[in-house]
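*Asks:* So you can see what is in the structure, the chains are spelled out below.
2 protein chains.
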Amino acid sequence: MKTRIIEPSQNAYSYPLLIKSLLLSGERYEPDHEIVYSDLIRYDYVTLNQRIRKLANVLTEAGVGAGDTVAVMDWDSHRYLEAYFAIPMIGAIIHHVNVRLSPDQIAYTMNHAEDDYLMVHDDFLALAEGISERTPTVKGVIQLTDEAQATPSSLNLIGEYETLLSNASDQYDFPDFDENSVATTFYTTGTTGNPKGVCFSHRQLVLHTLNMASMLGVYEGQPLLRSEDVYMPMTPMFHVHAWGVPYAATMIGVKQVYPGRYEPNKMVKLYRDEGVTFSHGVPAVLQMILSCDEAKNTDLNGWKMLTGGSAPTAGLASEMADRGVQFFTAYGMSETCPLLTLVHLHESERELPLQEQVPARTKTGVPVSMVDLRIVDPQGNVVPHDGESVGEIVVRAPWLTQSYHKESEKSDELWAGGWLHTGDVASIDQNNSVQIKDRIKDVIKTGGEWISSLELESLISEQGHIAEVAVVGIPDERWDERPYALVVPVPGEEVTAEQITQHLQQYVEQGRINRWAIPQQIEITTEIPKTSVGKINKKQIRLNLG
Amino acid sequence: MKTRIIEPSQNAYSYPLLIKSLLLSGERYEPDHEIVYSDLIRYDYVTLNQRIRKLANVLTEAGVGAGDTVAVMDWDSHRYLEAYFAIPMIGAIIHHVNVRLSPDQIAYTMNHAEDDYLMVHDDFLALAEGISERTPTVKGVIQLTDEAQATPSSLNLIGEYETLLSNASDQYDFPDFDENSVATTFYTTGTTGNPKGVCFSHRQLVLHTLNMASMLGVYEGQPLLRSEDVYMPMTPMFHVHAWGVPYAATMIGVKQVYPGRYEPNKMVKLYRDEGVTFSHGVPAVLQMILSCDEAKNTDLNGWKMLTGGSAPTAGLASEMADRGVQFFTAYGMSETCPLLTLVHLHESERELPLQEQVPARTKTGVPVSMVDLRIVDPQGNVVPHDGESVGEIVVRAPWLTQSYHKESEKSDELWAGGWLHTGDVASIDQNNSVQIKDRIKDVIKTGGEWISSLELESLISEQGHIAEVAVVGIPDERWDERPYALVVPVPGEEVTAEQITQHLQQYVEQGRINRWAIPQQIEITTEIPKTSVGKINKKQIRLNLG
Numbered sequence: 014m015k016t017r018i019i020e021p022s023q024n025a026y027s028y029p030l031l032i033k034s035l036l037l038s039g040e041r042y043e044p045d046h047e048i049v050y051s052d053l054i055r056y057d058y059v060t061l062n063q064r065i066r067k068l069a070n071v072l073t074e075a076g077v078g079a080g081d082t083v084a085v086m087d088w089d090s091h092r093y094l095e096a097y098f099a100i101p102m103i104g105a106i107i108h109h110v111n112v113r114l115s116p117d118q119i120a121y122t123m124n125h126a127e128d129d130y131l132m133v134h135d136d137f138l139a140l141a142e143g144i145s146e147r148t149p150t151v152k153g154v155i156q157l158t159d160e161a162q163a164t165p166s167s168l169n170l171i172g173e174y175e176t177l178l179s180n181a182s183d184q185y186d187f188p189d190f191d192e193n194s195v196a197t198t199f200y201t202t203g204t205t206g207n208p209k210g211v212c213f214s215h216r217q218l219v220l221h222t223l224n225m226a227s228m229l230g231v232y233e234g235q236p237l238l239r240s241e242d243v244y245m246p247m248t249p250m251f252h253v254h255a256w257g258v259p260y261a262a263t264m265i266g267v268k269q270v271y272p273g274r275y276e277p278n279k280m281v282k283l284y285r286d287e288g289v290t291f292s293h294g295v296p297a298v299l300q301m302i303l304s305c306d307e308a309k310n311t312d313l314n315g316w317k318m319l320t321g322g323s324a325p326t327a328g329l330a331s332e333m334a335d336r337g338v339q340f341f342t343a344y345g346m347s348e349t350c351p352l353l354t355l356v357h358l359h360e361s362e363r364e365l366p367l368q369e370q371v372p373a374r375t376k377t378g379v380p381v382s383m384v385d386l387r388i389v390d391p392q393g394n395v396v397p398h399d400g401e402s403v404g405e406i407v408v409r410a411p412w413l414t415q416s417y418h419k420e421s422e423k424s425d426e427l428w429a430g431g432w433l434h435t436g437d438v439a440s441i442d443q444n445n446s447v448q449i450k451d452r453i454k455d456v457i458k459t460g461g462e463w464i465s466s467l468e469l470e471s472l473i474s475e476q477g478h479i480a481e482v483a484v485v486g487i488p489d490e491r492w493d494e495r496p497y498a499l500v501v502p503v504p505g506e507e508v509t510a511e512q513i514t515q516h517l518q519q520y521v522e523q524g525r526i527n528r529w530a531i532p533q534q535i536e537i538t539t540e541i542p543k544t545s546v547g548k549i550n551k552k553q554i555r556l557n558l559g
Numbered sequence: 014m015k016t017r018i019i020e021p022s023q024n025a026y027s028y029p030l031l032i033k034s035l036l037l038s039g040e041r042y043e044p045d046h047e048i049v050y051s052d053l054i055r056y057d058y059v060t061l062n063q064r065i066r067k068l069a070n071v072l073t074e075a076g077v078g079a080g081d082t083v084a085v086m087d088w089d090s091h092r093y094l095e096a097y098f099a100i101p102m103i104g105a106i107i108h109h110v111n112v113r114l115s116p117d118q119i120a121y122t123m124n125h126a127e128d129d130y131l132m133v134h135d136d137f138l139a140l141a142e143g144i145s146e147r148t149p150t151v152k153g154v155i156q157l158t159d160e161a162q163a164t165p166s167s168l169n170l171i172g173e174y175e176t177l178l179s180n181a182s183d184q185y186d187f188p189d190f191d192e193n194s195v196a197t198t199f200y201t202t203g204t205t206g207n208p209k210g211v212c213f214s215h216r217q218l219v220l221h222t223l224n225m226a227s228m229l230g231v232y233e234g235q236p237l238l239r240s241e242d243v244y245m246p247m248t249p250m251f252h253v254h255a256w257g258v259p260y261a262a263t264m265i266g267v268k269q270v271y272p273g274r275y276e277p278n279k280m281v282k283l284y285r286d287e288g289v290t291f292s293h294g295v296p297a298v299l300q301m302i303l304s305c306d307e308a309k310n311t312d313l314n315g316w317k318m319l320t321g322g323s324a325p326t327a328g329l330a331s332e333m334a335d336r337g338v339q340f341f342t343a344y345g346m347s348e349t350c351p352l353l354t355l356v357h358l359h360e361s362e363r364e365l366p367l368q369e370q371v372p373a374r375t376k377t378g379v380p381v382s383m384v385d386l387r388i389v390d391p392q393g394n395v396v397p398h399d400g401e402s403v404g405e406i407v408v409r410a411p412w413l414t415q416s417y418h419k420e421s422e423k424s425d426e427l428w429a430g431g432w433l434h435t436g437d438v439a440s441i442d443q444n445n446s447v448q449i450k451d452r453i454k455d456v457i458k459t460g461g462e463w464i465s466s467l468e469l470e471s472l473i474s475e476q477g478h479i480a481e482v483a484v485v486g487i488p489d490e491r492w493d494e495r496p497y498a499l500v501v502p503v504p505g506e507e508v509t510a511e512q513i514t515q516h517l518q519q520y521v522e523q524g525r526i527n528r529w530a531i532p533q534q535i536e537i538t539t540e541i542p543k544t545s546v547g548k549i550n551k552k553q554i555r556l557n558l559g
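Chains as they are written, first to last, in the working numbering: chain A, 14 to 559; chain B, 14 to 559.
Don't take every hint at face value.
[As the list claims (entries may be wrong)] Covered, in the sense of this in silico footprint (three residues per stretch, anywhere, with C-beta under 8 Å from a C-beta of chain B), are these stretches of chain A:
#, stretch
1, 37-44
2, 376-388
[Claimed, not checked] If you anchor each label on the Cβ, the simulated ranges turn out as follows:
#, chain 1, residue 1, chain 2, residue 2, range
3, A, I18, B, N169, 24 to 32 Å
4, B, D442, A, T544, 57 to 65 Å
5, B, Y56, A, V295, 38 to 46 Å
6, B, K309, A, E401, 34 to 42 Å
7, A, D183, B, E475, 38 to 46 Å
8, B, Q184, A, S474, 42 to 50 Å
No wet-lab data here; the hints were simulated from the structure. Don't be surprised by glycine CBs; every beta carbon is placed ideally from N, CA and C.
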């Protein structure tokens with residue numbers, strides 16, 4: 014083989030992709046830009062770099078070594094941002110603990126990740142104390158507090174964060190090491206089984222950051238994140254590195270505002286007082302923000318908002334447009350670091366009134382640079398990009414988790430055939446815009462095709478007298494699966510299965526659905542099983558059907 | 014060692030950084046944006062991708078395999094852009110031949126690179142034929158022409174580019190391979206010795222591109238390259254990948270205009286007709302552009318211009334400002350891929366009239382993200398960032414050439430101490446802005462300090478009656494070196510060595526130079542030795558002095 018290789022491992026002059034490199038430019042280009050924590054703390058980028066070096070000294074003196082895992086339980090704060098950098102930069106792994114999980118689940122994830130140290134906010138101190146006997150790997154605890162006085166605790170305390178930092182040197186010579194070293198870990202929860210741990214390396218985070226910085230900055234009509242912006246996350250920092258935006262914002266040198274605990278009124282006040290221009294969040298949080306008292310008297314016009322997690326409802330999207338919120342849908346998941354797609358508005362769309370842009374802005378988005386994205390049928394064949402045909406989204410990109418931590422079987426499923434399987438079923442139109450139709454587990458596989466249960470539910474609900482509807486697939490000898498519908502009529506109305514079948518027949522005639530999409534059985538009922546958070550529980554429906 | 018490593022080489026799901034990934038987003042985000050070649054050809058990004066796949070088929074069918082080197086001799090064209098991608102994407106290496114070198118030097122570089130194939134424009138056909146006996150490694154030649162009919166040739170022709178492409182399939186499944194494979198090579202010429210070959214890998218070019226895309230796009234007041242821009246290079250594509258901008262522009266999906274041969278009037282016409290907004294070039298080219306007839310009647314206001322290679326003279330900078338050209342200095346070299354620094358204007362500077370921004374815009378610039386840049390004294394100690402102290406610029410970054418091809422001794426010099434030595438001497442001020450003072454070989458090392466020969470020349474020339482001046486260091490037993498000045502008075506004026514010494518004495522008193530910076534000898538003369546391109550030949554001056 015003739016190919017000439019520049020072999021980094023054998024070359025003293027190679028430059029590994031390490032998180033420390035992301036800190037170089039913010040301080041140089043925008044030294045005066047600020048990091049703000051609620052209404053409590055503000056400092057500039059020069060200080061941010063100093064504090065990260067101080068934290069590295071604190072951690073090193075506490076005994077944290079390369080390969081150790083440091084768990085963090087905090088609200089969104091400057092401390093969390095400092096930990097995003099300092100912990101990986103000394104060669105350790107930061108475990109972003111999902112503080113919304115139950116104590117049992119938190120104990121499970123901390124044990125599974127084999128956390129060596131813990132940084133914990135006073136608000137979670139009782140929780141940490143309660144599970145301390147079940148998290149025996151934790152050797153020491155740094156206390157995080159907004160108060161002058163730290164709360165006394167039975168934990169093995171190293172000290173209080175700000176006190177420790179104030180006594181630490183601001184000099185630290187961060188080492189070079191293998192760019193494939195794990196930098197971060199956190200857990201993703203499904204509807205079944207234990208939380209699964211995903212990990213990201215220095216290399217993956219650097220590449221995700223470089224790519225995000227250009228994707229969010231350089232497209233016409235959507236300059237989401239540029240040096241003059243003021244950024245405030247509304248996705249918790251324990252959730253996929255707050256979508257990775259803090260790393261990109263820090264690299265560019267953007268002013269950053271961390272709101273602490275998510276209280277809508279306080280966040281809207283910070284938006285106003287600090288001149289926030291760019292945020293991101295899931296629809297539920299955005300709905301809370303729009304509905305809070307403080308928002309009623311605040312001009313939200315021009316607030317650039319990345320939305321993800323799930324598609325915003327038509328109502329929420331329309332409300333955002335009414336208020337002038339410039340929202341853009343993005344798509345990704347815990348396993349994908351997360352950025353995979355971003356809505357891209359064409360010139361003709363950008364010229365419409367904001368309200369008329371809603372359909373374009375609520376699409377799933379166009380795959381971002383460096384992302385190889387396909388939709389494939391059940392046999393793994395690539396499905397055409399005609400806006401109609403649906404397939405499962407599978408991806409390759411430089412920043413996808415390579416495996417679930419200590420779960421080889423689930424990892425093999427995730428990466429079946431060498432592509433990461435998202436579990437989302439979508440179409441792609443001729444403008445390369447992806448539109449998610451359903452989760453694959455809720456898709457009905459019938460006659461060699463996939464029928465979206467969500468689409469079928471939407472069509473059924475248009476019958477006019479229907480309060481709630483759920484569609485699942487039930488086994489069928491001839492067709493593999495056939496649709497089964499549970500329908501709750503509007504109180505006081507009467508609806509029959511025949512009426513629904515007739516209603517759906519028009520869509521068959523229009524060519525919108527195939528005839529085998531008409532449910533085999535339609536059950537008229539008074540209640541549909543729900544999960545603890547109020548979502549339709551399709552797993553339970555299937556179980557009930559035996 | 015506890016560190017957990019995600020080992021890409023052992024992981025079937027790893028994603029190497031390959032140039033093919035840079036093509037994904039342009040077509041998806043801006044499918045209708047155009048690639049324009051002079052007034053001859055235009056097509057969209059969908060076609061660009063098709064043509065790159067066609068070219069890959071042409072090359073493969075011609076016998077080009079992984080690790081082969083394909084030399085290109087062309088003006089700036091759509092063909093060159095296609096070759097930037099197709100050649101590395103099939104695993105081969107593109108050699109950008111510097112067509113401005115002498116035939117002997119071109120033959121030297123083609124032999125040294127062991128070129129297997131050649132793509133050559135008709136304008137260079139006679140040249141290629143003339144050296145064909147001295148370039149025996151070349152097995153086949155693809156002819157590039159703008160005419161309907163290709164010129165007959167004695168070379169071993171595979172065919173004419175457009176004809177070959179029109180007969181090729183537009184399907185090609187580009188392989189994955191090691192991201193450290195060499196993708197590009199070209200030769201850099203110094204004042205002495207043979208040209209030296211530098212190489213860049215797929216990984217290095219992908220990282221340079223990702224970084225450039227964000228650096229040129231996201232800083233306030235300097236949105237140099239965004240999707241709505243129209244880009245036309247004015248640095249030849251054989252020179253450091255036209256500073257790497259075509260790769261970044263293609264990734265974003267920017268409209269690109271390639272001017273062919275550099276004819277100032279034609280380029281200004283293209284600027285006007287195609288709506289060019291962003292270009293880059295060295296001062297000599299920019300001066301030609303501003304002075305040409307076509308520019309006299311063309312509104313250049315708002316043309317964003319990256320300048321590099323050397324600092325624009327005060328006169329050129331002022332003229333650009335007069336015409337409203339928004340110029341920004343960048344710094345790099347062939348060995349650095351090239352981007353190292355970029356001018357960054359602070360808010361207070363941006364608010365000034367353009368003419369008053371000239372001093373800020375002509376600085377060397379602030380190191381860009383991912384670039385670790387230091388200035389060091391002769392002992393290798395880091396020099397303070399006080400805007401006064403000078404040191405040699407040494408750098409680390411993910412995209413620096415790792416060695417000169419087949420020149421291990423020169424490579425070791427380049428990378429002495431694990432940092433790439435630029436050979437440039439500079440200061441860095443408290444705003445992290447670099448200011449180059451001199452080439453290290455022209456710096457005078459005296460009394461343990463460095464004196465910039467350029468600065469001394471500038472001070473001497475302020476005496477008022479001086480047409481030309483050159484300062485070099487001459488050996489001195491006590492001081493190591495002392496300055497020696499050659500001075501040519503303005504015709505008709507008389508200047509003595511004593512007058513110059515007295516003139517310089519004021520700068521000693523002002524603390525601007527040390528007393529040992531006053532030249533030991535000042536020779537009044539009528540002529541200063543020059544190189545073939547008209548630059549002061551300091552090497553010759555030193556030789557003359559024995």
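*Asks:* A separate judgement is required for each hint: does it hold in the structure or not?
*Replies:* Against the structure, the hints:
{"no.": "1", "hint": "37-44", "in the structure": "holds (count 6)"}
{"no.": "2", "hint": "376-388", "in the structure": "holds (count 7)"}
{"no.": "3", "hint": "A/I18 / B/N169: 24 to 32 Å", "in the structure": "holds, 30 Å"}
{"no.": "4", "hint": "B/D442 / A/T544: 57 to 65 Å", "in the structure": "holds, 60 Å"}
{"no.": "5", "hint": "B/Y56 / A/V295: 38 to 46 Å", "in the structure": "holds, 41 Å"}
{"no.": "6", "hint": "B/K309 / A/E401: 34 to 42 Å", "in the structure": "violated, 56 Å"}
{"no.": "7", "hint": "A/D183 / B/E475: 38 to 46 Å", "in the structure": "holds, 43 Å"}
{"no.": "8", "hint": "B/Q184 / A/S474: 42 to 50 Å", "in the structure": "holds, 43 Å"}
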